[in-house]
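Asker: Listed below, chain by chain, are the residues.
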Amino acid sequence: MAKTYDYLFKLLLIGDSGVGKTSILFRFSEDAFNISFISTIGIDFKIRTIDLDGKKVKLQIWDTAGQERFRTITTAYYRGSMGIMLVYDVTNEKSFENIKNWIRNIEENASADVEKMILGNKCDLEAKRQVSKERGEQLAVEYQIKFIETSAKDSLNVESAFYTLARDIKAKMEKKQEASNPAGARSGAHQIRANEQQRKPTSWLSRCSLL
Amino acid sequence: MDDDLPTDFQVIVVGTGMVESIVAAACSRIGKNVLHLDSSDHYGGLWASYNFDGLQKFIKEVNSDPKRQLQVYNLAEKWYIEKESAQDEKKEEGGEEKPEEAKAEPAKKIWSQANFSAEYRKFNIDMTPKLLFSRGPLVELLISSNIARYAEFRCVTRVLTWLNDRLMPVPCSRADVFATEAVGIVEKRQLMKMLTSIVGYNEEEMNNEFKDWNDKTFKEYLAHKGLTPNLIHYVLYAIAGGTNNMPCLEGVKECKKFLMSLGRYGNTPFLWPMYGSGELPQCFCRLCAVFGGVYCLNRPIDKVQTKTVDEGKTVVTIDSKSKTLNCDHLVIGINECPKDLISPEPAESSDISKAVFITNGSIMKSDKEPLTLLRFPPQSDDDHAVTVLEVGPATGSCPKGLFVVYFITNKVKDAESDLMGIAEKIFDMSGGDQTAESEKPKCLWSLFYNVKDTSAAVASVADCVHVCSGPDAGLDFDRAVEQAEQIFKKICPGEEFLPRAPDPEEIVFEDDVTHGPEFQREHDDEAEGDAPKE
Chain B
153 MAKTYDYLFK LLLIGDSGVG KTSILFRFSE DAFNISFIST IGIDFKIRTI
203 DLDGKKVKLQ IWDTAGQERF RTITTAYYRG SMGIMLVYDV TNEKSFENIK
253 NWIRNIEENA SADVEKMILG NKCDLEAKRQ VSKERGEQLA VEYQIKFIET
303 SAKDSLNVES AFYTLARDIK AKMEKKQEAS NPAGARSGAH QIRANEQQRK
353 PTSWLSRCSL L
Chain G
2 MDDDLPTDFQ VIVVGTGMVE SIVAAACSRI GKNVLHLDSS DHYGGLWASY
52 NFDGLQKFIK EVNSDPKRQL QVYNLAEKWY IEKESAQDEK KEEGGEEKPE
102 EAKAEPAKKI WSQANFSAEY RKFNIDMTPK LLFSRGPLVE LLISSNIARY
152 AEFRCVTRVL TWLNDRLMPV PCSRADVFAT EAVGIVEKRQ LMKMLTSIVG
202 YNEEEMNNEF KDWNDKTFKE YLAHKGLTPN LIHYVLYAIA GGTNNMPCLE
252 GVKECKKFLM SLGRYGNTPF LWPMYGSGEL PQCFCRLCAV FGGVYCLNRP
302 IDKVQTKTVD EGKTVVTIDS KSKTLNCDHL VIGINECPKD LISPEPAESS
352 DISKAVFITN GSIMKSDKEP LTLLRFPPQS DDDHAVTVLE VGPATGSCPK
402 GLFVVYFITN KVKDAESDLM GIAEKIFDMS GGDQTAESEK PKCLWSLFYN
452 VKDTSAAVAS VADCVHVCSG PDAGLDFDRA VEQAEQIFKK ICPGEEFLPR
502 APDPEEIVFE DDVTHGPEFQ REHDDEAEGD APKE
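Taken in sequence, the protein lines are chains B and G.
When you read off a place in the first sequence, starting at 1, and then add 152, the result is the number in my numbering.
When you read off a place in the second sequence, starting at 1, and then add 1, the result is the number in my numbering.
Be careful, since some hints might not be right.
Said to hold, decoys possible - Derived SDA-like pairs (lysine to any residue); straight-line CA-CA distance at most 25 Å:
(1) 79/G with 324/G
(2) 322/B with 395/G
(3) 414/G with 473/G
(4) 254/G with 293/G
(5) 123/G with 155/B
(6) 324/G with 223/B
(7) 155/B with 147/G
(8) 328/B with 79/G
(9) 194/G with 180/G
Treat the hints as calculated values from the structure; they're not laboratory data.
Throw the hints in and build the complete structure from the sequences for me.
Answerer: Right, dumping it as structure tokens:
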């Protein structure tokens, strides 16, 4: 099957319930905002392919499937992720405080070199704001993570946030490839297919997923 | 936070083991309103994988509170290496070593306990390590339900056996049979003929061919067919995974299962889940959550009652953390299930002896990182076979330079007495110099333990309470899948079991999946000449 992209990045959205992770996902993947969905039912991940410096980068962005609600995200969710958007709601102090807990969770479960970014969402709701932009920036400095305030509703900065994260992952990956042999994106990350197309054996050690 | 937890559900599932998780996913998938709980803070129960830190906590928990009935006992952990690294000293000593050996390979890392702690996250150690047959029910279910997208797998690269006091590769596929130097040309034809006939039998032919063998063993059948002792060893112990007492028809069926799974994904019939078997229950949980299932860990249950309400309908009420939860159906793991719900008490069955070893090399050297299944034949006539699985860093099981090796068998005395003899055959258990050249890899750490065999199906006191079995000693997940489907059918009669979940978009992964040769039925003598050589 012909490849339609140069890179495939698995990205995750993480943060408390109700901070707008799914809205951000829909804004970015569909350019839509639907105020009616309250919790994340039936949404697994979304795909959007973007162009970065002439390369086609396919972003596979995974939603939490509501498993963040009682802090029960599976360790499997973090496997193979290359970038994580940590999302809080600027109108919800608690969701901001919990960012630290989510970072701890990521450190425990995700790959050590995963790229992270903090998003302060719902910045259109200025009247209800509980967390100032400065506090967000300060937290980001503390953890040395990039930070941006977004509004999925007004389509503010969502696009640029994903481009920034993708660009950082790409830069890191290219640096790694230069340092070692060009092993390709996520060397050996493969999925097994159900339909048994005839393929020539390339190596006896293959890593695969069933598809 | 837990106060937000809704109280009324159609199905409540307690325990996140394999069977419970499959049932949860299946119910949620067809639109049932599902709550899934676990009393501990992680997924999987006895099916879990732990990083090294998590495993230490688990050991402490079991040892400090045996009354908690974790189903695990005789837990014995042992280190064969120093607490702190003595690497610097050793380097100086290295000068005295024979120079020709020293330059041949880069200096081996000297592991200390501190290194293990520092890299604890890179370990994923399974409590219930299992393989998937490439055409087995779990692989088919993962594909048909589209849950496969949550997991990644590696092919088992080789099957080994213990023959004439040493490790030997088992020729599995047609090409292997022709390529092997372990058996002579006449034996090769014999073996091919036997395997080809077994793979070709349909149900009717099988019953016909074996109607006189009902009370005889597979071993007797193989001997009757004139197979040499070497070939009997390969077919009975390595391919069928049997013992001397294995009934004939069972042996034929096991052989066929093995052969039918060849050639789909790799050179052996088996797949191993990346990051360990403990990932798989989580994949089903993810699907359950995607379709609206509510998840809550760290949520022990106190009391379960069934109540008959109007019109003879029965509901289950569960007390948990001073909250009362209601459901039409309760699905509960045997280890979380209050005794009074089980009827009758399950019969005492033989328990399971298990061991985990961390070593500094593979049990048998290989060009590329191997992923090995070794079936250790029974040492005497009424002894059990031992299943050995060796996984390396490429599977996400351990840091570079190490291997994790699992032993599983039926308990006779206790885990250590049952398994230590075999460990000594394939590992250097002396705890000596890690850099010393030796045939066998050094064992750096070991853990022996026994687990209650809770795999027998158990009936409950009420129709709306469904008890899920614990892990069995078998190689695959087949029984778990089968039981989950049965439970689902009882809860949701007439509904489809895990229909395909839609794709958000067609996902295309870069893909270089290895396809081994298909096992072909027709016997083609010409193929002998151009059999692929490794």
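Asker: Now look at each hint and say whether the structure bears it out.
Answerer: Taking the hints in turn, this is what the structure says about them:
1. 79/G with 324/G: Given that 25 Å is the threshold and the Cα spacing comes to 43 Å, the pair is violated.
2. 322/B with 395/G: Satisfied, since the Cα-Cα distance of roughly 23 Å is no more than 25 Å.
3. 414/G with 473/G: 18 Å, holds
4. 254/G with 293/G: 40 Å, violated
5. 123/G with 155/B: 31 Å, violated
6. 324/G with 223/B: 19 Å, holds
7. 155/B with 147/G: Given that 25 Å is the threshold and the Cα spacing comes to 22 Å, the pair holds.
8. 328/B with 79/G: Since the Cα atoms of residue 328/B and residue 79/G sit roughly 38 Å apart, the hinted pair is violated (cutoff 25 Å).
9. 194/G with 180/G: 16 Å, holds
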